[in-house]
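Chains as they are written, first to last, in the numbering used here: chain A, 66 to 318; chain B, 49 to 685; chain C, 18 to 237.
Derived by calculation from the structure, the hints in this document are not laboratory data.
Being a predicted model, the structure only gives us computed values, none of them experimental.
The beta-carbon is built from N, C-alpha and C at its ideal position, and this holds for glycine as well.
A portion of the hints provided could be inaccurate.
Stated by the list, open to error - Which bits of chain A does chain C cover? Going by a derived footprint, with three or more residues having C-beta under 8 Å, they are:
| no. | region |
| --- | --- |
| 1 | 129-143 |
| 2 | 164-172 |
| 3 | 273-281 |
| 4 | 288-295 |
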Amino acid sequence: MSEKINLTLKVWRQKRGEAGGFKTYEAKGIDTDASFLEMLDVVNDEITLKGEEEPIAFEHDCREGICGCCGSLVNGKTHGSHERTTLCQLHMRHFKDGETIVIEPFRAKAFPVIKDLIVDRSGLDQIIAEGGYVSVKTGNAPEASTTPIKKELAEAAMDAAECIGCGACVAACPNGAAMLFTAAKVSQYALLPQGHPERTQRVKNMVAKMDELGFGNCSNEYECAVACPKGIDVKNIARLNREFIKATLSQGK
Amino acid sequence: MKLDAKIPEGPMAEKWTNHKFRVKLVNPANRRKHKIIVVGTGLAGASAAATLSEQGYQIEAFTYSDSPRRAHSIAAQGGINAAKNYPNDGDSIYRLFYDTVKGGDFRSREANVYRLAECSNLIIDHCVAQGIPFAREYGGYLDNRSFGGAQVSRTFYARGQTGQQLLLGAFGALQKEIKKGGVKMHTRCEVIDIVVIGGQARGIISRNLITGELTRHEADAVVLATGGYGNVFFLSTNAMNCNASAAWRAYKKGAAFANPCYTQIHPTCIPVHGEYQSKLTLMSESLRNDGRIWVPKKAGDKRPANQIPEEERDYYLERKYPSFGNLVPRDLASRNAKQVCDEGRGVGPTGQAVYLDFADAIQRLGKANIEAKYGNLFEMYNRITDEDPYTTPMMIFPAVHYTMGGLWVDYNLMTTLPGLYALGECNFSDHGANRLGASALMQGLADGYFVIPNTINDYLASNKFEKVSTGHDAFAQAEKEAKDKLDRLLAVKGNRTVDDFHKELGHLLWENCGMSRNEKGLTEALEKIPQIRAEFWKNVNVPGSADDLNQALEKANRVADFMEFAELMVRDALDRPESCGGHFREESQTEEGEAKRDDENFCYVAAWEFKGLDEEPVLHKETLEFEEVHLAQRSYK
Amino acid sequence: MSIKTTLMTSIGQKLLVATSGLVMFLLFLVPHMGGNVLFLFGPDLFNSYAHHLHQLVPVVIGIELLMLASISVHMATAVRLVLKNRQAADHRLSQKSSAERSLAAKLMPVSGVMIFIFIIKHLLDFKFYEKAKTTLHGIETYDVYAMVLSRFQSDPIHLLFYVGFMIAVGLHLSHALQSALQTYGLYVPREGSKIKLASAVIGWGMAATFAIIPVVAFIK
Ligand SMILES: Cc1cc2nc3c(=O)[nH]c(=O)nc-3n(C[C@H](O)[C@H](O)[C@H](O)COP(=O)(O)OP(=O)(O)OC[C@H]3O[C@@H](n4cnc5c(N)ncnc54)[C@H](O)[C@@H]3O)c2cc1C
Ligand code: SF4
Ligand code: FES
Numbered sequence: 066m067s068e069k070i071n072l073t074l075k076v077w078r079q080k081r082g083e084a085g086g087f088k089t090y091e092a093k094g095i096d097t098d099a100s101f102l103e104m105l106d107v108v109n110d111e112i113t114l115k116g117e118e119e120p121i122a123f124e125h126d127c128r129e130g131i132c133g134c135c136g137s138l139v140n141g142k143t144h145g146s147h148e149r150t151t152l153c154q155l156h157m158r159h160f161k162d163g164e165t166i167v168i169e170p171f172r173a174k175a176f177p178v179i180k181d182l183i184v185d186r187s188g189l190d191q192i193i194a195e196g197g198y199v200s201v202k203t204g205n206a207p208e209a210s211t212t213p214i215k216k217e218l219a220e221a222a223m224d225a226a227e228c229i230g231c232g233a234c235v236a237a238c239p240n241g242a243a244m245l246f247t248a249a250k251v252s253q254y255a256l257l258p259q260g261h262p263e264r265t266q267r268v269k270n271m272v273a274k275m276d277e278l279g280f281g282n283c284s285n286e287y288e289c290a291v292a293c294p295k296g297i298d299v300k301n302i303a304r305l306n307r308e309f310i311k312a313t314l315s316q317g318k
Numbered sequence: 049m050k051l052d053a054k055i056p057e058g059p060m061a062e063k064w065t066n067h068k069f070r071v072k073l074v075n076p077a078n079r080r081k082h083k084i085i086v087v088g089t090g091l092a093g094a095s096a097a098a099t100l101s102e103q104g105y106q107i108e109a110f111t112y113s114d115s116p117r118r119a120h121s122i123a124a125q126g127g128i129n130a131a132k133n134y135p136n137d138g139d140s141i142y143r144l145f146y147d148t149v150k151g152g153d154f155r156s157r158e159a160n161v162y163r164l165a166e167c168s169n170l171i172i173d174h175c176v177a178q179g180i181p182f183a184r185e186y187g188g189y190l191d192n193r194s195f196g197g198a199q200v201s202r203t204f205y206a207r208g209q210t211g212q213q214l215l216l217g218a219f220g221a222l223q224k225e226i227k228k229g230g231v232k233m234h235t236r237c238e239v240i241d242i243v244v245i246g247g248q249a250r251g252i253i254s255r256n257l258i259t260g261e262l263t264r265h266e267a268d269a270v271v272l273a274t275g276g277y278g279n280v281f282f283l284s285t286n287a288m289n290c291n292a293s294a295a296w297r298a299y300k301k302g303a304a305f306a307n308p309c310y311t312q313i314h315p316t317c318i319p320v321h322g323e324y325q326s327k328l329t330l331m332s333e334s335l336r337n338d339g340r341i342w343v344p345k346k347a348g349d350k351r352p353a354n355q356i357p358e359e360e361r362d363y364y365l366e367r368k369y370p371s372f373g374n375l376v377p378r379d380l381a382s383r384n385a386k387q388v389c390d391e392g393r394g395v396g397p398t399g400q401a402v403y404l405d406f407a408d409a410i411q412r413l414g415k416a417n418i419e420a421k422y423g424n425l426f427e428m429y430n431r432i433t434d435e436d437p438y439t440t441p442m443m444i445f446p447a448v449h450y451t452m453g454g455l456w457v458d459y460n461l462m463t464t465l466p467g468l469y470a471l472g473e474c475n476f477s478d479h480g481a482n483r484l485g486a487s488a489l490m491q492g493l494a495d496g497y498f499v500i501p502n503t504i505n506d507y508l509a510s511n512k513f514e515k516v517s518t519g520h521d522a523f524a525q526a527e528k529e530a531k532d533k534l535d536r537l538l539a540v541k542g543n544r545t546v547d548d549f550h551k552e553l554g555h556l557l558w559e560n561c562g563m564s565r566n567e568k569g570l571t572e573a574l575e576k577i578p579q580i581r582a583e584f585w586k587n588v589n590v591p592g593s594a595d596d597l598n599q600a601l602e603k604a605n606r607v608a609d610f611m612e613f614a615e616l617m618v619r620d621a622l623d624r625p626e627s628c629g630g631h632f633r634e635e636s637q638t639e640e641g642e643a644k645r646d647d648e649n650f651c652y653v654a655a656w657e658f659k660g661l662d663e664e665p666v667l668h669k670e671t672l673e674f675e676e677v678h679l680a681q682r683s684y685k
Numbered sequence: 018m019s020i021k022t023t024l025m026t027s028i029g030q031k032l033l034v035a036t037s038g039l040v041m042f043l044l045f046l047v048p049h050m051g052g053n054v055l056f057l058f059g060p061d062l063f064n065s066y067a068h069h070l071h072q073l074v075p076v077v078i079g080i081e082l083l084m085l086a087s088i089s090v091h092m093a094t095a096v097r098l099v100l101k102n103r104q105a106a107d108h109r110l111s112q113k114s115s116a117e118r119s120l121a122a123k124l125m126p127v128s129g130v131m132i133f134i135f136i137i138k139h140l141l142d143f144k145f146y147e148k149a150k151t152t153l154h155g156i157e158t159y160d161v162y163a164m165v166l167s168r169f170q171s172d173p174i175h176l177l178f179y180v181g182f183m184i185a186v187g188l189h190l191s192h193a194l195q196s197a198l199q200t201y202g203l204y205v206p207r208e209g210s211k212i213k214l215a216s217a218v219i220g221w222g223m224a225a226t227f228a229i230i231p232v233v234a235f236i237k
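Here chain A stands alone, though its shape is the one from the complex (with noise of 0.2 Å):
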């Protein structure tokens, strides 16, 4: 059964090439089956009425988990606490009545503040430009049966696959690194054929390009897998140093 809490938020509000800092906002009467992002917009209500100053911008829009544009540290961990669950899918039934949250931007170096609680994650789709794809043209594919895949290589690359471009790796990585987005992609491509020829240049130039944007360097200390939304596993991440591996002892050939 829902019921009605008092929360107490200390958001990070930072304007536009300005620099930030935390403001406490109380959130009243909040249902417990309401959605996290719900309770913002509950809050971000009050503030429009009360005018003196702009709502809490912060990104959304599938509320289902899906689309990747949510995520903020809420009390220090990527979209809060919960096992698989991203930020727009944890309810306020897990938050007690009184409880202070706070909420701050995913942050790494790699993604600049825009606004309040909105950061710029263009460097990921930066990453994939560099060959997070097969480049096949459209009307040069095959029958799509000619080439059986074994289910569970199938099964693995969609394992991988799943990755919803979300950042929350990168933002629980203590060294701010994007090995586990990056690894999901080359994972996918190497588990199935069609992504073999041009898995040599693949995996280099997607790594390079991943340092070239200040994304730190892998510690294997599994945040990232923690932090995921999605529960893509850190065997991704060995299979991109693999790939990396054999990448560089073929060179040139």
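For chain A, the structure is supplied; the task is to place chains B and C with the ligands on it using the hints.
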């Protein structure tokens, strides 16, 4: 305005092939000289932008998201249809075509649907080549599942995330072309007007959502792939940012809007919890395979489900439709749920829900079996509602899900505004009055990968394109209008939030132009909408400024368009007194209360032409001819 | 991409750290531990081991040079990575790490620096230290056994210093081994990993073995 569908001559099965041969082509060396603007990077937009760039055109693509990958298409769960006939169960292009026309309740254009079915197989080939991890069988070949409205298994899927995987495939293709320099991508950039010069669409005005800057972009053609307008209802299964603005601007600039009243209401969604509710979540239709739908027999029975004895339960679908039972099509299931709730027999805290009960299935098949089949859905349900569907029946209620109406397009997917194209959910073309499951993804990708790349060249090759500069008066004018509108929104400084108005509008539409509609309710809505709109412009509160990231302003600008669009939608519904597909007019039903079409008088596409805000729009009719599939009443008893 | 540019990428740098670390581990730490254990079996065996080692001067010098190279690469690269990582994860105010992130992982830079300090001290203590002589089977040789005894006997502070630094070694190795393997592409799972367990057992086992010697020397 004259509607010319440009349906190619010849037998149905040869139309597309003939057409592709007959259209004019643009020489590869000249393609670089043509710039095409693609608005939207969902399945339709991303696939179109990538493919046109592969052909050598210069593409500029726009999305309001921070990345093309976030488009609403990402949320599609169930699957994508194709006529591969891998299960060898009698499927064919012709059958897919037939099912789609019939499923659309005979309100779609046969030639378009046939082409869609033809392209369906190419889509699967292409997507597999892209490395999309479709579900496979142990032998390594592609797996299929069944979906509503068909007696064959033709749906390809990637777990419960088919839309995501297909979109990421198209997104990858787009990134490949961006890297190559063929596509210039504008993210966080909302298109807020279409620019028309010399009767042709020649550009757009966009707003940078971070800086608020308005920018002019010129092109030889503009392609809209901006998705559906389901969010006019406020609550729907669509992503929060889905909106009708681009299509609406196109309408106001001369593109006809077709069948705006055709909306699809999906029967199995998680019910509304409270006033704070911001969106609705779909639960896969597949649940109806094993779940039994019921409500208490007595109105106002507030006992918990497990305290209501068997004989006091009404399994109303099984009772009314003994042969299809819980598996009746979407529109019937939805309408019946509404009916029992209207009778006061709805359950849950709001009385706006019915039970979907798995107790029998669990007893029959065992919990483990049910878990294997639906485990992830049950988990999602539990995450949202905190209830355990293994022990307490699920509660579901219908919700707005998809819009079949959209910009009117001819066979080439061009709107009535020359040089302006519409693809995907944004157009009206293939689903008639009701879309079958797993067909929207198919249509979006067919339009983007295979149709537009074969039709747009005809326009580019047959017209002369004077160089236009963004200094042209038409650009200045459009930009000024856009700026004025934003300033006006900010200047109101009233007492109600944008969402508050949006909810009011949505509620009115849901009640009067939702699952079932009647003349009285529609007339009333038609009167009320202008009042809400006037109140909106008097009393809305939009904080912040226009030259900054301002989500409230973005939303207000979209809701302002919904306020106008809603009127057209209701007008269209009022103008079609027959029932068909998702459009149920209470005045037009059979004795048993089923939808009754009126083919004699209403076998047409209603295409509306804008005549000015205070003028009534003009209705143009595209008469639908059915050469292949014969008109027949649907029955599911 | 040439090998050089490859080695300058993040994964390349990680491979350098892992490889230089493993070189030190396999070519130095493991044999060194083996030798040290002989201390427990009395002066004759231990001194004879030291004596034989001295006969192999060219090999020893070779290994010493390799160690010098490895430690330089290991430290220089690690410092670069740590600095870059600090930058990459800037400005975190409320962030908390999960329960899963081990203390060993968190403290890698600290334990690394401690080990470096220890190595210098250790070299000063034993390598660059005037050594007494003894005769073993009629041959005159250094009395390394006595030297070890004298360094620890009746010097509890010194003892504590050594044992304390072995904790750093344990911490460092327990994360380093599994991490190096994951960097080489061997899948080390998050939960219930045998490799993680083995890494901890070997790391702490070695640290403990090293720590026993000063303790025994102190007691004797
Ligand atoms: C929950 C759910 C499940 C579904 N499941 C299925 C399924 O299983 N099978 C199936 O076939 N169909 C399914 N559908 C339907 C299907 O997902 C959609 O119809 C389809 O994805 C629409 O694709 P699209 O490319 O036309 O538009 P969208 O994906 O909606 O993309 C619209 C794009 O336009 C952009 N845009 C819009 N306006 C502007 C503007 N003014 N300026 C700049 N950019 C703009 C957006 O940023 C976005 O990129 C489902 C729908 C929902 C809601
Ligand atoms: S790997 Fe996980 S955490 Fe990282 S972007 Fe993908 S879904 Fe988000
Ligand atoms: S809003 Fe889409 S994942 Fe949360």
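Going down the list of hints, with the structure as the test:
Residue count for the region 129-143 of chain A with a Cβ under 8 Å from a Cβ of chain C: 4. That meets the three needed, and the coverage hint holds. Remark: the region 164-172 of chain A is confirmed as covered by chain C, as 3 of its residues place a Cβ nearer than 8 Å to a Cβ of that chain, reaching the required three. By the rule of at least three residues with a Cβ nearer than 8 Å to a Cβ of chain C, the coverage given for the region 273-281 of chain A holds, with 6 such residues. Taking a C-beta to C-beta cut-off of 8 Å, the region 288-295 of chain A contributes 4 residues in contact with chain C, enough for the three needed, and the coverage statement holds.
Violated hints are absent here; each numbered hint is respected by the structure.
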